[in-house]
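Given the coordinates of chain A, work out where chains B and C should sit on it, guided by the hints.
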Amino acid sequence: MQLFPCPFCGLRNEREFHYMAEPGKFRPDTSSQISAEDWAAYLYDTRNEKGRVREIWMHQTCRELFVMERDSVTMNVLGSTSLRASAGEAAE
Amino acid sequence: MSGTRISKGGLIDRSTLLRFRFDGRDFTGHPGDTLASALLASGVRVMGRSFKYHRPRGVWGAWFDDPNAVFNVTLKGDELPNCPATTTPLVDGMEARAVNAWPNAESDIKGGLDLFHRWLGAGFYYKTFMWPDWHLFEPSIRKMAGLGAVDGKVIEGYVADQLHDHCDLLVAGGGAAGLAAARAAAEAGQAVVLVDDHATLGGGLYQGDEPVEGEEPRQWVATQEAAIRAAGGRILSSTTVYGIYDHGLAALAEDRGFARAPRLWRMRARRILMATGAMDRPITFADNDRPGVMSLQGAAEFLGRYGVLVGRKIAVLSNNSQSTPIVAHLRAAGAEVIEADPDEGTLRALDGKRLSGVQIGGRKIDCDTILASGGLTPTVHLWRHAGGKLDWSAEKAAFVPGAAPQGMVAAGAANGTFDLDPALAEARAAALGNAPETVATGYRIKPLWPQPGAKGRQWIDFQHDVTLKDVELAARENYVSVEHLKRYTTLGMAADQGKTSNMAGLAAMAAIQGRPIPEVGTTTFRPPFVPVPMELYHGTRRGQLVNPLKRLELEAQHRQAGGAMCEYGGWLRPGWYGPDQETAIRAEVLAARQAAGVFDGSPLGKIEVMGPDAAAFVNFIYYNTISTLRPGHIRYGFMLRENGLILDDGVVARLGPDRFLISCSSSHVASVELMLESWRQDGNDPDRIFVHDTTPHWATLTLTGPKAQQIVAALDTGVDLDDFPHMTLREGQFDGAPLRIARVSFTGDASYELSLRAGKAGALWQAIMAAGAPHDLRPVGVEALSVLRAEKGFIMVGKDTDGETMPHDLGFGVPRQKKKAAFVGDRALHSDTANAPDRRQLVGLTLPEGALPLATGAHIVTTGPKPRSIGFVTSSYFSPTLNRPIALALLEHGSERMGERVTLRHMGQTATATVSAPCALDPEGERLNA
Amino acid sequence: MRDDSHKWDVPQNFSAPLAGPGVTISRIIPDRQTLISAPDILARTPGAAGWPDRAAGDSYTLCLRRDRVLEVNGPARTDGWDGQQAVSDITDGLTIFEITGPRAMELIRRGAEISDALPSRSAVRQAFGLEVILCRRQDALRLHVARTEAQALRKQLADHITLM
Numbered sequence: 037m038q039l040f041p042c043p044f045c046g047l048r049n050e051r052e053f054h055y056m057a058e059p060g061k062f063r064p065d066t067s068s069q070i071s072a073e074d075w076a077a078y079l080y081d082t083r084n085e086k087g088r089v090r091e092i093w094m095h096q097t098c099r100e101l102f103v104m105e106r107d108s109v110t111m112n113v114l115g116s117t118s119l120r121a122s123a124g125e126a127a128e
Numbered sequence: 029m030s031g032t033r034i035s036k037g038g039l040i041d042r043s044t045l046l047r048f049r050f051d052g053r054d055f056t057g058h059p060g061d062t063l064a065s066a067l068l069a070s071g072v073r074v075m076g077r078s079f080k081y082h083r084p085r086g087v088w089g090a091w092f093d094d095p096n097a098v099f100n101v102t103l104k105g106d107e108l109p110n111c112p113a114t115t116t117p118l119v120d121g122m123e124a125r126a127v128n129a130w131p132n133a134e135s136d137i138k139g140g141l142d143l144f145h146r147w148l149g150a151g152f153y154y155k156t157f158m159w160p161d162w163h164l165f166e167p168s169i170r171k172m173a174g175l176g177a178v179d180g181k182v183i184e185g186y187v188a189d190q191l192h193d194h195c196d197l198l199v200a201g202g203g204a205a206g207l208a209a210a211r212a213a214a215e216a217g218q219a220v221v222l223v224d225d226h227a228t229l230g231g232g233l234y235q236g237d238e239p240v241e242g243e244e245p246r247q248w249v250a251t252q253e254a255a256i257r258a259a260g261g262r263i264l265s266s267t268t269v270y271g272i273y274d275h276g277l278a279a280l281a282e283d284r285g286f287a288r289a290p291r292l293w294r295m296r297a298r299r300i301l302m303a304t305g306a307m308d309r310p311i312t313f314a315d316n317d318r319p320g321v322m323s324l325q326g327a328a329e330f331l332g333r334y335g336v337l338v339g340r341k342i343a344v345l346s347n348n349s350q351s352t353p354i355v356a357h358l359r360a361a362g363a364e365v366i367e368a369d370p371d372e373g374t375l376r377a378l379d380g381k382r383l384s385g386v387q388i389g390g391r392k393i394d395c396d397t398i399l400a401s402g403g404l405t406p407t408v409h410l411w412r413h414a415g416g417k418l419d420w421s422a423e424k425a426a427f428v429p430g431a432a433p434q435g436m437v438a439a440g441a442a443n444g445t446f447d448l449d450p451a452l453a454e455a456r457a458a459a460l461g462n463a464p465e466t467v468a469t470g471y472r473i474k475p476l477w478p479q480p481g482a483k484g485r486q487w488i489d490f491q492h493d494v495t496l497k498d499v500e501l502a503a504r505e506n507y508v509s510v511e512h513l514k515r516y517t518t519l520g521m522a523a524d525q526g527k528t529s530n531m532a533g534l535a536a537m538a539a540i541q542g543r544p545i546p547e548v549g550t551t552t553f554r555p556p557f558v559p560v561p562m563e564l565y566h567g568t569r570r571g572q573l574v575n576p577l578k579r580l581e582l583e584a585q586h587r588q589a590g591g592a593m594c595e596y597g598g599w600l601r602p603g604w605y606g607p608d609q610e611t612a613i614r615a616e617v618l619a620a621r622q623a624a625g626v627f628d629g630s631p632l633g634k635i636e637v638m639g640p641d642a643a644a645f646v647n648f649i650y651y652n653t654i655s656t657l658r659p660g661h662i663r664y665g666f667m668l669r670e671n672g673l674i675l676d677d678g679v680v681a682r683l684g685p686d687r688f689l690i691s692c693s694s695s696h697v698a699s700v701e702l703m704l705e706s707w708r709q710d711g712n713d714p715d716r717i718f719v720h721d722t723t724p725h726w727a728t729l730t731l732t733g734p735k736a737q738q739i740v741a742a743l744d745t746g747v748d749l750d751d752f753p754h755m756t757l758r759e760g761q762f763d764g765a766p767l768r769i770a771r772v773s774f775t776g777d778a779s780y781e782l783s784l785r786a787g788k789a790g791a792l793w794q795a796i797m798a799a800g801a802p803h804d805l806r807p808v809g810v811e812a813l814s815v816l817r818a819e820k821g822f823i824m825v826g827k828d829t830d831g832e833t834m835p836h837d838l839g840f841g842v843p844r845q846k847k848k849a850a851f852v853g854d855r856a857l858h859s860d861t862a863n864a865p866d867r868r869q870l871v872g873l874t875l876p877e878g879a880l881p882l883a884t885g886a887h888i889v890t891t892g893p894k895p896r897s898i899g900f901v902t903s904s905y906f907s908p909t910l911n912r913p914i915a916l917a918l919l920e921h922g923s924e925r926m927g928e929r930v931t932l933r934h935m936g937q938t939a940t941a942t943v944s945a946p947c948a949l950d951p952e953g954e955r956l957n958a
Numbered sequence: 004m005r006d007d008s009h010k011w012d013v014p015q016n017f018s019a020p021l022a023g024p025g026v027t028i029s030r031i032i033p034d035r036q037t038l039i040s041a042p043d044i045l046a047r048t049p050g051a052a053g054w055p056d057r058a059a060g061d062s063y064t065l066c067l068r069r070d071r072v073l074e075v076n077g078p079a080r081t082d083g084w085d086g087q088q089a090v091s092d093i094t095d096g097l098t099i100f101e102i103t104g105p106r107a108m109e110l111i112r113r114g115a116e117i118s119d120a121l122p123s124r125s126a127v128r129q130a131f132g133l134e135v136i137l138c139r140r141q142d143a144l145r146l147h148v149a150r151t152e153a154q155a156l157r158k159q160l161a162d163h164i165t166l167m
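Protein chains in written order, with the numbering used here: chain A, 37 to 128; chain B, 29 to 958; chain C, 4 to 167.
I should point out that these hints are in silico values taken from the structure, not numbers from a laboratory. Virtual Cβ for every residue (Gly too), placed ideally from N, Cα, C. Wrong hints could be hidden among the right ones.
To be verified - Covered stretches of chain B (in silico footprint by chain A; criterion: 3 or more residues with CB under 8 Å from a CB of chain A, positions within the stretch not fixed): (1) 272-284; (2) 709-720.
As the list claims (entries may be wrong) - Below are the EDC-like pairs computed for lysine to aspartate or glutamate, each with C-alpha atoms no more than 16 Å apart in a straight line: (3) A/K61 <-> B/D315; (4) B/K788 <-> C/D92; (5) B/K848 <-> A/D65; (6) C/K10 <-> B/D710; (7) C/K10 <-> B/E583; (8) A/K61 <-> B/D710; (9) B/K847 <-> A/D65; (10) B/K104 <-> B/D120; (11) B/K788 <-> C/D85.
Stated by the list, open to error - So these bits of chain A aren't anywhere near chain C, every CB distance computed over 12 Å: (12) S67; (13) Q69; (14) D74; (15) N84; (16) K86; (17) V109.
Just chain A, same shape as in the assembly (with noise of 0.2 Å):
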């Protein structure tokens, strides 16, 4: 049972969060042409890595978005971010 951080709430029990997506995807802007390959790779692909990863989560408590950092294989935390705070960042 991990202890995940919340930007806003600090640190709380896994059971409060909520895997949302990898961030770093766009929506694209859909008044305009977008061709099959580009919305299908916005839908499915997912990156998955080993090791040191950046996700969205949500804390479900309080509805905060946040981009965390954390190890995939040993499961340690490096950090989050509001994706408020952070909106240039947390998108790369």
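Chains B and C only, in chain A's frame:
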């Protein structure tokens, strides 16, 4: 009769006598005894039968390392199966029975199975009962196998208490190292929790009964305990650390007595110090499973803790130096001890009816007991749970803790430091986070491993009857990985989870293949370290609390009205009113069509979206255009996922220029709110949009039917019903509280949805019932509502849609073609899949006169020699309004098949129907304004 | 559909307090509870309590999110967006249980990994498998839970009291 109780020593209270029974005979013991120690003290040797061959077995170890003595125990009418005799504290009045043996362990009728051992090797059952079908034999084989029997009676109040706690340092193990570490840390100001599985701390200190730092062991332990408590440390005895999980979470099971569920502690520790000691390894030799062959360490524990001498004439076969103090202790207690080097020659236990000696090469030693010690194995389970590495120490012939998991440290025998003084120094240093000085170990061992090809039956896993020959067979059949070896032979899969057998098993495999032991490696260590009951995990989450349903404010009123409360999408709601389901549903449907019905729509979502960007946001979220909706008006629409599939449907009302009320379906409130919140914060300006889920504040009662308006008019709401068109919303008052009336309809008849704060719902219900009485108003349950909506062809998301349904499949294709603004899922609605001509589309099915309703889920199939499913029935009811069955279905090319006769198949039955429009009643919608 | 009426205890109004060893659980009926959301709501409500802050007085404010508070027994407000903040009346939406007694915190630890050593800006957390708003008020603990889940929370608390 070999074991005896000596007159002094041990931690038992000789002044009190406890009576108990085992296999039908009366025995006595003392407080502080386990079932096993009390039986040994009474001279009982045979305490069980092995799993497969039903060989007689005595105890091997004295604690969690005993695989042999497993009992069904009854106390005051409460029976528990599979209690390890060595770890079950004796209680006055216990009635114990050896499992897997009948009539008793001493003379088990299945003992004859052992004669066939030559044919019963690893994989025997699977190889033999392949033909014609394993399942033919499985029931009788399963019946023969297994350990204790469950009596099926639930023990009253057997519920585990569970709690969360935290500390700076968790010390697992209250032996010498654990006590020293806990004291050092507590005195340095750390919040310490010391956990030990025995009722009395001290670990292995009683085995040799040698002084510790100048004090007699009991005295030294008492001194440390007092010092730990004085420094603010906590001590949990009779508690096992059975698992280490992520981020320093340790799971502890606290024994609360027989027939009481243990208590689960979820202990979050900044640091964990593993001081779990070491276990003695068996020596693999012929007939090493005979009652009377025991672990040297186990015998020392029986002597030191329970004052039991396990034999009078004892042969000690030890390849290591830990035997010296133990032998001295045994001799001091009055035993005759003959020490022998187990490597001197081929070993064999000699017995007739009783163990009579041991053969070593050409030499024969007469004895009544053999104490074997193949070397110490550090108890590293917790280290491996946490992801720590193991190193092979050739010097100690054992796996010892290597690279440490984060926040964890090992000390004492668990760390391979088997000598007392270095262990104490190491533990104190580790407690304070310092590196200990390295002290040369005095522990000496001459490695001794199983020898492939050796004669006789040499046991490796005692409980599961895995012998050296089975390991050799596994190797011949190429199950050489230890994980395969384990599963093929079931080595290490018994109740003790390989505590005694794993090292011998992997060493045997290493020897067979000529590989070094560390290369063969160990199997994975997983929690729980000792067996724990399932109750420990679920705690109070049982019965109604497994998955508690949401409850209606008006539940009492529904029950009073005869409501049958059923589960619908996480809510407990009235399904129908009255004792007979079918009659009730029919009467409710007819009342709603002919007069009026009232149903409790409180679970419908009430999510408010507010703020300057609310309109643009809602327009983006919905498939349908919402931005053009005027205040006071309502629109029906879909929410999609980005892949174009339908997430939810429902109505949205505009309460003001920058305020919307989303009425999502009852079971989707949480998922819709989560989706809104994630889009709000990701891709929108969260400072300009706010989402409030106000669902639990409100109760909703919906009146529907030709008389609905008259009933609403009779209520004092202050709302003018004359100029109140369908799909609009008005705000009024009821009993001094704000009231919203929405004209939306899920039945096709004129409907008024009345919402107000839940606290006023009882008063509104009463007023509606009074106003409705002259109009034959009936309460309508969820089942009748489902029929009413199906008559109109209205869908329920998740029932009439599946994981492929897009809105244009349901006849809602306009926004897909015309909506200009971006919305969730928009691009996906133009993928090749979305454009495919053979998509399944929503249709109605009309049945010939007199036909029975179709089965929901029935497949619509093509005719011809190879029928193919082209769709299926999603909803099917008998319509009381139309007096015939109705159905909705998803069907390939559905919209092009109107009027076509189709064939349906379900469970071998065939039916026919005609494809029609989904709406079977009032397609012009005249009833809405009637 | 299966009639499960008998499987579920009929919800009570919780007016009778529940007492256990060192704990008493009583229901508190508030005059008003209001959700207020705004970008600057926390700046404007410096006293909004998180964990382990102590809410004082009959009227208090709890911090729920970065941009949301719960006002308990505050002034009457109009629902909706007023150009500055979003307001929703939630008085009947949240049932309040107050836990008093020396073992109150021990009871809470049955349902949540919580301690004063783990402070939190937000008062919302998961406890006993449910989303609750938990705060200290004077010497007691208060749990605000969705009305629809109050029965489940109360039953859990009652079960835990028997095991403590």
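Practice item. May I ask which of the numbered hints given earlier this structure violates, with the numbers listed in increasing order? Key: 3, 6, 11
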